[in-house]
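Residues in the sequence shown are numbered from 1 upward in steps of one, following my numbering.
The set of hints was computed from the structure by calculation and includes no laboratory data. For clarity, every value in this text was computed on a predicted model and none was experimentally measured. Some hints could be false.
As the list claims (entries may be wrong) - Straight-line distance between alpha carbons at most 20 angstroms, and here's what the computed SDA-like set of lysine to any residue pairs gives:
{"hint": "1", "residue 1": "LYS143", "residue 2": "GLN167"}
{"hint": "2", "residue 1": "LYS143", "residue 2": "ALA96"}
{"hint": "3", "residue 1": "LYS200", "residue 2": "ILE237"}
{"hint": "4", "residue 1": "LYS56", "residue 2": "PRO188"}
{"hint": "5", "residue 1": "LYS56", "residue 2": "VAL127"}
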Amino acid sequence: MHIKHLICLLLLCIYVATAYSNDNHLRSCRSFYGKLDDLALQRPPLRVLLVPLLSKEPHSNESPRWSEQPARILAAFYRKRFHAKVTQLRDVWSWADYYRQVELIQQQQPPFDRVIFISHGGFDGPVLNNAVFWQDFQISANKGTLQQLSESQPGLKNALSITYDPQKNRLFSDYMATRWSELEELNPSIIWRRLKDLEKQLQPLDQACFKQYCSPDQLATSPVHQHSYRLQLCEQICREPLFEQKVSATISPERFLHFADSLNSLTSEDGLIFFGACNPGSAAPIKMIEKDETGLLINSPLAGGPHKSYVHLVSAATGRITAGPIGNSSAEDIVNRIVMFENGRSQQYLCIVAPATH
1 MHIKHLICLL LLCIYVATAY SNDNHLRSCR SFYGKLDDLA LQRPPLRVLL
51 VPLLSKEPHS NESPRWSEQP ARILAAFYRK RFHAKVTQLR DVWSWADYYR
101 QVELIQQQQP PFDRVIFISH GGFDGPVLNN AVFWQDFQIS ANKGTLQQLS
151 ESQPGLKNAL SITYDPQKNR LFSDYMATRW SELEELNPSI IWRRLKDLEK
201 QLQPLDQACF KQYCSPDQLA TSPVHQHSYR LQLCEQICRE PLFEQKVSAT
251 ISPERFLHFA DSLNSLTSED GLIFFGACNP GSAAPIKMIE KDETGLLINS
301 PLAGGPHKSY VHLVSAATGR ITAGPIGNSS AEDIVNRIVM FENGRSQQYL
351 CIVAPATH
């Protein structure tokens, strides 16, 4: 469908009362419920920055460039509705790509009235590929160590550590010494599988162990559909490991503040930062023990936290009005929410945080 037709449909949609109904909305975002005119916001928006983030979701047939389509629609909307000058970042596959382009924009252009991210996301903001930004390999007589630091969300630092005994298996040691730099492009689960496959080729099974737990007699005691899984388990347990891999996630205040500083430089004092993704306006669950990193940034002391949501955190860190959807979002949802917002239409499932109110 032609972009002009899409825009016409979207503008028609804003006159239809919203059908959203979320009983938890007030618990997710208590900061702002007034009219658009009540916000100390630049109106009309004359300078707009669109930031479509590109990433390939594992086990998905979705195009990694899906975010560029809503960006095109929004660019046409802002130009037609407000005669705004629209700038768009291109080919942002990692946060390094983002910062590189931001640095150029800072040198060439004044701040924007709207800075709009379009991406996958979560309770801790927009998500990109988990790109390695630091890697180190050290080897001594009795220990080899590979360390990686990577980042998929600004301020969440993922650490990977692989250690092994160089004297234990010469072929494995040679592989790590010559191929370690290739692992930078792989996520931790793929690295683990690759090294386990190599270990399987190089390290013999402990036959006594295997017979004890996975002999035909032992397998006969378990359901047939579990045999394959049990054999795989025995392959791992009954083979002396050649390496140890550990992964963890921690907060990096300096990297989050680096992101916040970039938003500050891009957004005028009376501008808006909008995160078009899933859940930046949602309240993350607070748990004492969390298996994953859900809500780690929100529940941290960053910018005077913990905070109710990611948009609260960013607003506190930048001093800018910040907004983002509550719950899951599609590309169409993101466009609709922004169009409705700019036309002063009330809506649920959208959290808007003004710095003076949170």
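Which numbered conditions among the earlier hints are violated in the structure presented, ordered from lowest to highest?
2
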